[in-house]
Amino acid sequence: MNAEAWAVLLTVLVAGWVLLDGAVQGAGATLLHERDPDGGERRREPAQRRVVLAAVGPMLLPGEVWLVAAFGVLVGVFPHSEADLLSAGYPVALTLVGSWALRDAGIWLRSRRRGRVWRDVWDVVLVVASIVLAGSWGALLGVAWGNGLAALALAIVAVVVTRLHGDAVVAWRLRRTGPLPVAVTSVMMVAPVVGTAIAAWPRLVAGGISAETMATLGAVALAVLPVVLALQVVAWWLVSRPLDRRDTLFF
Amino acid sequence: MTGFLGVFLAIGFGYSQYAYITRVDADRFADDADPSALGTLSLTAQGLMETFAFLMFLGGIVLLLLLIGNAVFRMPRWLRVPVCWLAVLTVPIPFAVALLGWLSRELARQPWVVQGVLRVDDVTSDQSARTVLVSLVLLVGLMVTLAVLDWWVLGRLARAGTDRLALGAAPADVLRDDGASEDVLLRFGADGAGAGAVRVAGAVAGAGDGPDGAAQGVAR
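Residue numbers (my numbering), protein chains in the order written: chain H, 1 to 251; chain L, 1 to 220.
It is worth saying that the hints were derived from the structure and are not from the lab.
There may be inaccurate statements among the hints.
As the list claims (entries may be wrong) - Cβ-to-Cβ under 7 Å is the rule here; a few derived chain L residues that face chain H:
no.	residue
1	Gly14
2	Pro171
3	Asp178
4	Phe188
Claimed, not checked - Derived coverage of chain L by chain H (criterion: at least 3 residues anywhere in the stretch with Cβ under 8 Å from a Cβ of chain H; other residues may be distant):
no.	stretch
5	42-54
6	127-139
Even glycine gets a Cβ: it sits at the ideal position worked out from N, Cα and C.
Pulled out of the complex, with its shape left as it was, chain H reads as follows (with noise of 0.2 Å):
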C-alpha cells in the first residue's frame, strides 16, 4: 500500500467512526430533550432516555474501534502529521480524550444503580460530554485545516450535526421513519471529514514513513482488514435490527 491508499485508509476510517460514534453522540447530547411535532422542547422521562440509549447501545464499542483504528494509521504511517496535529490541537485533543472518558463512563454507569439522583447526574453527564465530545472533534478537524477560524466553524458544525444524526437513527432503530434521514445525516456527518482530508492532503501524503515500511504494514493491514470488515458487518447488521423485545436493554 503506497501513501495514498494510506490516506484513502484512514479517512475511511474515520469516516466509520464519525458515523457510528456521532449517533450515540447524538443521542447523548438529546437524552434529556425531545423536540415536539409543532416545535418545542419536551422533557423525556426515564422511560424514554433508556429507550434512546438502547438505541445507540450496539454501536459505543464497535464504533470506538474505527477511532482506535484510526489513530493507528495515523501514528503509525503518518507521524508527521499526528506531530502536526497534536502540538497544534494539544488543548483540543485533551478535551477530546476527556470528554470522551466521561461520556463513556456515562453511558456504562447510569444504569448499573437504580437511584433517581444517581441517574440523574449521570444523564446531565452524559449530556454535557456528549456536546464537548461532538464539538472537539469538529474542531481538531479544523486543526488540521491549520486554521483556527476553521476550527470554531467545524466545532459548531459537528455540535449540531450530531444532535441531527443522534435523532434520525435513534428514529430509525424505532421505525418512526424510514433509513433516509438516516442516509442524509450520515452524509452531513461524512462531509467535513471528507473535505479535511482533501484539504490537509498535500501535507498528509508527503513525509510519511518510508515506502518499504508502508507495504510492509500495509500487508499487515490488508490481513487484518477482512476480519475487522466482517465483525464490522454484523454490528451493522444488529444496528439496522429495529429494537424490539428480543434485544437485551443493559445501556
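Dock chain L against the given chain H, drawing on the hints supplied.
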C-alpha cells in the same frame, strides 16, 4: 478460567523476550554490573512483576481447583474469607503487573525510546512543561476517579447478589422499572412473550399496579 489462561500466555511471552533483552542490555545483566539508580529501579520493578505474575499463576490454579464441587462455598469461614479476598485481588493485580513490566522496560532503555534507534529527546513534543503537567493531572485525576467509582459500583452490584442484577434485562422489565407508559411496554412485549421464566415471574409481580409499581421500581 480466562485469567488463568491469560497469565499462562503472559508469562510465556514474557520469558521469551529475555533472549532479546539480555542481548541488548548485556552489560546490565553482567555479573560485575554496577547498576545505576534507574537500572536498580528497573530490576526492582521486574522482580516485583515476576513475583506477582507467578503468585497470580499459583493462585489461579488454586482458585480453579476450588471450583470443583463448589469447594469454595463449603470451606469453613476462616478459610473461605481469605480465598474470596484472593479472588478480589485478581482484579487489580494484572493491571499492576502489566504496569510494572512496562515501567521496567521503559526505565531500563533510557535515554532511548526505541533502543539504539530513537532518543526520548527527539520525540518529546514542544509543549511547555506546565501544559503537559496540567494535562497529566487532569487525565490521571479523571481516570482515578472513574476507577474508584467503578470499584464502588462493582462492590455494590456484587453485594446486591444475583437477584435482579442491573446488568441488562428484557426491555419490558427494564422499561417497567423506569416507569414506561402502557403503549411503550406493549411495543416491547410486556405480555412476557419471549422473556425468560424468571423475568415473567418478576414482571407479573410488578404488573397490575400501574404507575405505583413503576414508581417503586424507580425508587428501588
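We went through each hint and held it up to the structure:
no. : hint    : result
1   : Gly14   : violated (23 Å)
2   : Pro171  : holds (5 Å)
3   : Asp178  : holds (4 Å)
4   : Phe188  : holds (5 Å)
5   : 42-54   : violated (count 0)
6   : 127-139 : holds (count 5)
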